[in-house]
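Q: Sequence:
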Amino acid sequence: MTAPTHSKSTERPAATANGILMLLVGLLLIIGGPVAIAQDPDSILLVVAGILAGVLGLLLLCGLYSLQPNESMAILLFGDYRGTDRKTGLRWVLPWYSRKKISLRVRNLTSDKLKVNDKRGNPIEIAANVVWRVEDSAQALFDVDDYQAFVNIQVDTALRDIASHYAYDHGEEDAEPEMTLRSDAEDVASRLREELVGRVSVAGVAVDEARLAHLAYAPEIAGAMLRRQQAEAVLAARRLIVRGAVSMVESALVDLGERGVVELDEDRKAAMVSNLLVVLCADRDAQPVVNTGTLYG
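Numbering (the numbering used here), first residue to last: 1 to 297.
These aren't lab readings, by the way, just hints derived from the structure by calculation. Among the hints, a few may not be true.
Pairwise CB distance ranges (calculated) [stated by the list, open to error]: (1) K8 with E71: 36 to 46 Å; (2) L28 with S98: 22 to 32 Å; (3) V197 with L24: 21 to 31 Å; (4) P95 with A38: 21 to 31 Å; (5) R211 with D146: 22 to 32 Å; (6) D40 with G89: 33 to 43 Å.
Each computed DSSO-like pair below joins lysine-lysine, with the alpha-carbon atoms no more than 30 Å apart [unchecked claim]: (7) K8 with K119; (8) K115 with K8; (9) K87 with K101; (10) K87 with K8; (11) K101 with K115.
Since we're looking at a predicted model, the values are computed, not measured. Glycine included, each C-beta is placed from N, C-alpha and C at the ideal position.
Full structure from sequences and hints, please.
A: As structure tokens, this is what we get:
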């Protein structure tokens, strides 16, 4: 047994007319009907013609509608899609056609803050800002139940999927740098947009931009993660200080040896290296000590 296939709707132009012209015709019929009856109230023919003219004028006026820029009107006949009108101004269609107006303007959506787990399993809070618009009115109206609710749900789903593929931030245990939510916001936003484009295309929606609007650790681990980040920062700073101190000590020993300022054996070199590293790596200013003896007592 084969699964039922989904028939994709496609927007096409609707056959509509200029509303101003039909407004004038309708008003003329509405006014002309009573005038004709007033000419000869005793004439059955004129009375019937006047009544029919008035009714016809009212029917013509019922087919009027207006469209502003970036608005469209889907035209249906007893549920059958007949096309979409995108022409602005006063428009007219046969009054027994039903109409559904849909906005084509750019919309801005800021999702709710979601509590999800990142790639490492850490609970985080994440939200996105998405700029989107309706591209195909037929798909938006007839291929999904509620295209606005559909977009909202797909944004949440895409956010959860993106968060599961990236870590919040780089970890000390990382063997090689990888993309993270915090450090690679542009790349993450680009992937989020691509994910959304594929998800909402069935609703005839185009995504112009998608970015992370909020990103933070969940409250229950925020304090611990802050201390971890501070510890990693301190370790990185210490590592840089030690690397620089070793380079300076090496340079000092080489300069002393090349200039012949003082002859140092291995023990004196070791003592000098120890003293210089203590001075250069200490958190406090060094306290000078005058040595009046010799290294060997």
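Q: All the hints need checking, so say for each whether the structure fits it.
A: Here's how the hints hold up against the structure:
1. With their beta carbons about 23 Å apart, K8 and E71 fall outside the hinted range of 36 to 46 Å.
2. The hinted window of 22 to 32 Å between L28 and S98 holds, with their beta carbons roughly 26 Å apart.
3. Checking the proposed 21 to 31 Å range against V197 and L24 shows it is violated: the Cβ atoms sit about 46 Å from each other.
4. One distance hint, 21 to 31 Å for the beta-carbon pair P95 and A38, holds here, with the actual separation near 27 Å.
5. Under the hint 22 to 32 Å, the C-beta atoms of R211 and D146, about 25 Å apart, fit the expected range.
6. Roughly 40 Å separates the CB atoms of D40 and G89, a value that falls within the hinted 33 to 43 Å.
7. With a CA separation close to 36 Å, the supplied pair K8 and K119 exceeds the 30 Å bound.
8. At roughly 35 Å between alpha-carbon atoms, K115 and K8 are farther apart than 30 Å, so this suggested pair is violated.
9. For the given pair, K87 sits about 12 Å from K101 by alpha-carbon distance, which is consistent with the 30 Å threshold.
10. Of the pairs offered as hints, the one joining K87 and K8 holds, with about 24 Å between alpha carbons and a cut-off of 30 Å not exceeded.
11. For the proposed pair K101 and K115, the alpha carbon gap of about 36 Å is over 30 Å, so the pair is violated.
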